[in-house]
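Undergrad: Sequence:
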Amino acid sequence: MKTLTFFRKVFLFCSLGLFLTNIEAQTIITIDNNANSTTTYTTIQDAHDNAADNDIIYVQPSGTSYGNLNITKPLTIVGRSHSEPGKISTIGAVSVRSSNVEFKGLFISSITWSLTGAPSPPPYTGFRLYECEVSSTFNLGTFNVPTDDSEIRGCILRAGLFVDDNASNVLVSNNIILSTLSTEQTLTLVVANNVFRGTSSITINNNDVANGTLILFNNMFILNSGSNRFVNLNNGPFNLSNNLTYNYGFGNLDYVANASGSFTETGSLNNTDPLFTNVDNTVSQSFAGTSSSYDSAIRPEDDLTLQAGSPALTGGGGGSEMGLFNNGFNYSKLGVPRGLPTLDVISYDGAVPKNGNINVTVTAKAN
26 MKTLTFFRKV FLFCSLGLFL TNIEAQTIIT IDNNANSTTT YTTIQDAHDN
76 AADNDIIYVQ PSGTSYGNLN ITKPLTIVGR SHSEPGKIST IGAVSVRSSN
126 VEFKGLFISS ITWSLTGAPS PPPYTGFRLY ECEVSSTFNL GTFNVPTDDS
176 EIRGCILRAG LFVDDNASNV LVSNNIILST LSTEQTLTLV VANNVFRGTS
226 SITINNNDVA NGTLILFNNM FILNSGSNRF VNLNNGPFNL SNNLTYNYGF
276 GNLDYVANAS GSFTETGSLN NTDPLFTNVD NTVSQSFAGT SSSYDSAIRP
326 EDDLTLQAGS PALTGGGGGS EMGLFNNGFN YSKLGVPRGL PTLDVISYDG
376 AVPKNGNINV TVTAKAN
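In this note's numbering, the protein residues as written are 26 to 392.
Do not take every clue at face value.
[Claimed, not checked] Straight-line C-alpha distance at most 20 Å; calculated SDA-like pairs for lysine to any residue:
hint, residue 1, residue 2
1, K98, T141
2, K98, D80
3, K98, R183
4, K98, G142
5, K98, N61
6, K98, P147
7, K98, T52
[What the hints assert, rightly or not] If you anchor each label on the Cβ, the simulated ranges turn out as follows:
hint, residue 1, residue 2, range
8, V234, F168, 20 to 26 Å
9, N194, S309, 37 to 43 Å
10, G344, S226, 19 to 25 Å
11, S135, G343, 33 to 39 Å
12, S225, G343, 31 to 37 Å
In short, the hints are calculated from the structure, not lab data. All C-beta atoms in this analysis are idealised placements derived from N, C-alpha and C, irrespective of residue type, glycine included.
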């Protein structure tokens with residue numbers, strides 16, 4: 026008799042194989058630290074160190090982190106999701122030291138850049154972060170490391186985002202950003218179609234006073250408080266274009282500039298309910314709730330698509346949609362990577378005789 030505990034892992038990996046059937050030059054490396062795993066590598070660093078340039082590392086769901094990562098070669102690292110219960114792929118602190126690095130569908134502790142031990146000099150180009158959740162520090166281009174051509178899309182940034190003055194051509198779009206965004210460069214930074222969620226306030230820092238204006242376009246600013254609150258615009262000038270503010274509590278949410286700051290504002294929907302499809306301001310862990318530690322997995326019924334009557338459907342620039350789903354963007358609340366089919370085993374024979382048949386039932390969906 027043989028127990029078939031490995032089938033859950035095998036079939037979750039099959040979805041990646043379906044997507045990559047036409048990629049022949051790249052090797053797919055699977056890591057799995059679950060009990061009874063037969064994979065060669067059980068940590069993300071070991072898999073990285075044994076991978077070739079442009080390989081793909083698939084990180085199986087697990088209740089245990091796969092550890093920290095110093096990434097020094099171009100790789101694509103794909104997980105199952107960042108928040109789907111029982112299907113979360115977690116890695117620790119990431120230090121980036123390479124161009125052409127891509128992460129999808131992962132729960133990541135922190136992301137920074139470093140020159141230490143880098144096999145090739147910066148600038149590092151082509152950084153991509155899609156459908157990931159970053160739980161603490163996320164510094165783009167820190168430690169005097171020039172970076173160019175970076176995209177952060179479809180993510181949850183729990184500790185906000187810091188964009189260094191060494192980071193050029195940065196797109197920050199279709200994300201949930203908790204409380205804070207700070208930047209030291211504005212000339213090639215795009216911040217559009219994000220939803221900022223705060224508690225007592227939301228803070229945007231533009232420290233690039235000498236070079237230019239920080240443009241905030243088609244974003245939403247949301248919190249839940251029992252009194253009037255503010256989106257704090259600190260330091261350099263700001264251009265606010267077609268943004269929405271709303272306090273789910275009993276006060277307003279307005280913009281305020283500090284003594285050295287200033288802003289212009291057009292097309293705003295201030296203190297306007299975005300009419301999300303399903304949120305609950307009486308539940309602290311709902312997106313519309315009061316908790317400072319928002320977790321998308323705690324209230325799965327939260328749905329940030331917009332109802333038919335929402336003013337935000339046409340409140341963006343040129344009559345476009347504000348927020349996460351602008352221009353049909355397929356935002357995944359639980360961090361299942363866009364463009365990858367997923368397969369889940371819902372039942373299978375617990376044991377079969379030697380050479381017997383295995384009965385397996387699976388469900389599949391496209392993302």
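Undergrad: Given the hint that K98 pairs with D80, does the C-alpha gap stay at or below 20 Å?
TA: 9 Å, holds
Undergrad: Does the Cβ-Cβ separation between G344 and S226 fall within 19 to 25 Å?
TA: 30 Å, violated
Undergrad: For the range 37 to 43 Å, tell me whether the beta carbons of N194 and S309 fit it or not.
TA: 39 Å, holds
Undergrad: Taking the CB of S135 and the CB of G343, does the distance hold inside 33 to 39 Å?
TA: Since S135 and G343 have Cβ atoms about 37 Å apart, the given range 33 to 39 Å holds.
Undergrad: Between the alpha carbons of K98 and P147, is the straight-line distance 20 Å or under?
TA: 12 Å, holds
Undergrad: Quick check on a hinted range of 20 to 26 Å for V234 and F168, using CB atoms only.
TA: Holds, since V234 and F168 (Cβ atoms, about 22 Å apart) stay within the stated range.
Undergrad: Taken at face value, is the distance from the CA of T141 to the CA of K98 at most 20 Å?
TA: 14 Å, holds
Undergrad: Check the hint pairing K98 with G142 against an upper bound of 20 Å on the C-alpha distance.
TA: Holds: K98 and G142 sit about 12 Å apart, inside 20 Å.
Undergrad: Is the hinted pair K98 and R183 satisfied, with a Cα-Cα distance of at most 20 Å?
TA: Not satisfied, since the Cα-Cα distance of roughly 27 Å exceeds 20 Å.
Undergrad: Holds or violated: K98 and T52, Cα atoms, limit 20 Å.
TA: 14 Å, holds
Undergrad: Measure nothing beyond the straight line between the CA atoms of K98 and N61; if it is 20 Å or shorter, mark the hint as holding.
TA: Between K98 and N61 the Cα gap is close to 30 Å, so the pair fails against 20 Å, i.e. violated.
Undergrad: Is 31 to 37 Å respected by the C-beta to C-beta distance linking S225 and G343?
TA: Because 34 Å falls inside the window, the suggested range holds.
Checked against the numbered hints given earlier, the structure breaks hints 3, 5, 10 and satisfies all the rest.
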